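Chemist: Make the full structure from the sequences, and use the hints.
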Amino acid sequence: MLRLLNIEFQKIKYNKSVKVISIIYFVLITFIALIASIEFNFASVNFRVADQGIFNFPFIWHFNTYLAAWLKLFFAIVIVSLVSNEYSYRTLKQNLIDGLSKTEFVLSKFLTVILFAAASTIFVFIVSMILGLIFSDYTEMAIIFRDLDYLLAYFIKLVGFFSFCLFLAVLVKRSAFALGFLFIWWVFEGIFYAILKWGLFKGTEIADTIIQFFPLEAMNNLIKEPFTRLGGVQSIASQVGEDITKSYDVTFLNIAIVSVWTFLFIYWSLVILKKRDL
Amino acid sequence: MNTILTINNLTKKFGPITAVNDLSFTIEKGNVYGILGPNGSGKSTTLGIVLNVVNKTSGEFHWFDGTGTTHEALNKVGAIIEHPNFYPYMSAYQNLELVCKIKGVPTHKISEKLNIVGLEERQHSKFSTFSLGMKQRLAIASALLNDPEILILDEPTNGLDPQGIHQIREIIRTIATQGTTILLASHLLDEVEKVCSHVVILRKGKSLYVGSVENMNASHGFITVKANDMLQLKATLENSNSFTSVKEENDTLVAYLKEPMDAAAINKLCFDKGIALSHLVKRKESLEEQFLELTKNN
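Chains as they are written, first to last, in my numbering: chain V, 1 to 278; chain G, 279 to 576.
No wet-lab data here; the hints were simulated from the structure.
Keep in mind that this is a model prediction, so the values were computed, not measured.
Check before you lean on any hint, since a few could be wrong.
To be verified - Derived list of chain G stretches under chain V, where covered just means 3 residues or more per stretch with a C-beta under 8 Å from a C-beta of chain V:
| no. | segment |
| --- | --- |
| 1 | 327-337 |
| 2 | 348-359 |
| 3 | 373-382 |
Where a beta carbon is used, it is the ideal one built from N, C-alpha and C, also for glycine.
Modeler: Okay, structure coming up:
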């Protein structure tokens with residue numbers, strides 16, 4: 001396994017565009033901290049976003065993982081190009097001739113995905129920890145380390161998403177087409193949901209039950225949007241007579257669904273590669 | 279003799295097209311083999327199958343004694359297929375480092391192999407700045423990294439200038455003298471003739487001949503002769519029972535020998551009949567002529 005990571009690291013180490021995008025990606029995560037500096041005056045009241053409780057432990061785990069997860073779209077470019085380059089440089093064929101097996105090839109890419117996801121998770125952890133220690137109203141140990149399952153969900157979400165990218169890149173061989181396909185799939189899930197929700201099963205919850213098993217929706221459900229959970233937003237909602245009572249927890253079902261998709265994507269990548277004449 | 283590769287009844291179909299058709303041959307240790315065949319005769323496909331990048335439709339092949347998997351066997355094989363494939367953004371040295379990691383060999387081999395192909399001065403230049411000849415030489419160095427028992431080269435001189443072709447041939451000869459078995463696929467007959475001791479001839483995915491270059495054609499060569507009285511000469515040759523056929527070509531006669539016979543004996547035969555030859559050449563068919571002869575008959 002170390003050998004595979006070592007091989008993959010050699011490929012990445014000298015690749016300028018991958019390095020640049022990775023650095024930008026991690027810099028963007030730190031930009032979450034910039035939200036803290038948003039400040040404006042509203043009806044002669046100084047309003048500071050950082051004081052609205054978004055950086056309070058343990059809510060910060062939810063808030064930061066949700067925001068940082070959006071940046072994964074950016075990193076998808078790296079994952080897709082890592083795989084499609086192997087086709088366009090024809091180095092996949094050469095790797096196999098040199099003695100890498102097809103299983104090892106897919107595994108080396110998957111390990112890279114896991115490594116990137118882990119690095120990103122650790123990075124988000126550190127950034128959130130620092131922001132929290134600066135701005136949080138509560139800094140008791142027990143509160144700081146509550147709700148850390150959002151970080152697990154974040155990790156699973158990234159691994160699932162990058163595995164999807166990896167599978168698409170193996171499938172269509174070209175980075176642009178793979179990213180296009182990803183977008184088309186996203187649109188497809190949206191349309192499919194709309195048809196179910198307002199067409200076939202109008203007025204019921206069946207559509208939501210079905211759509212949660214789709215890959216992108218399942219990844220989306222792992223970390224639910226945190227905004228309606230904010231104290232300010234909830235009080236406004238109750239004033240207009242809307243009662244927001246939903247669960248923001250990371251559920252085992254969602255983790256299981258995304259894990260199964262991750263397994264399928266990697267397995268299918270291997271099956272495609274095995275069947276294909278290079 | 280040790281067998282390196284055994285192929286039995288191998289078949290590969292791409293949709294309706296049969297690229298390799300019931301192909302069987304074996305590669306023995308220590309020889310330099312040429313796989314000859316026109317474009318599209320299944321050379322690259324066959325190599326692709328035995329190197330695990332193309333899936334066979336039916337048939338069977340195994341490396342060495344057939345005990346290990348193909349994946350394990352590839353550790354003892356060095357191969358380049360078609361175009362040299364490397365990561366353009368890495369230097370020659372970095373690319374070979376990667377190959378070392380894949381093959382699991384120590385990196386100190388790199389400079390030794392770069393030396394063989396004469397690239398040590400350019401080892402830190404990016405692969406994308408290399409000329410085709412240099413890329414091809416780097417590919418050979420890469421294939422040699424694990425000190426393979428067999429080196430497989432697919433069209434190694436394709437697209438090179440005469441100087442590049444010469445360099446590659448010299449390298450192949452050097453490697454061959456060190457006892458490495460070489461399998462060279464090519465459609466260039468003179469290339470195979472210059473480098474190889476054995477040939478496998480393919481046509482439309484079938485093998486027409488497997489064996490040494492000398493034994494390829496059972497014929498004993500042919501003579502071209504000229505004399506003042508061509509008619510009498512032709513009659514003499516036809517009556518002598520030493521030739522399988524006598525043909526007129528331009529203003530000379532071409533006669534194919536039925537049995538070994540040296541030029542002096544032929545000269546004497548004619549002189550005894552009162553014919554003075556003005557031209558007499560005896561030679562063997564070139565590989566090209568033999569190849570055309572073989573592919574024509576099937």
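Chemist: Does each hint hold? Answer for all of them.
Modeler: These are the hints, each one checked on the structure:
no. : hint    : result
1   : 327-337 : holds (count 5)
2   : 348-359 : holds (count 6)
3   : 373-382 : holds (count 7)
In summary, the structure agrees with every hint in the numbered list given earlier.
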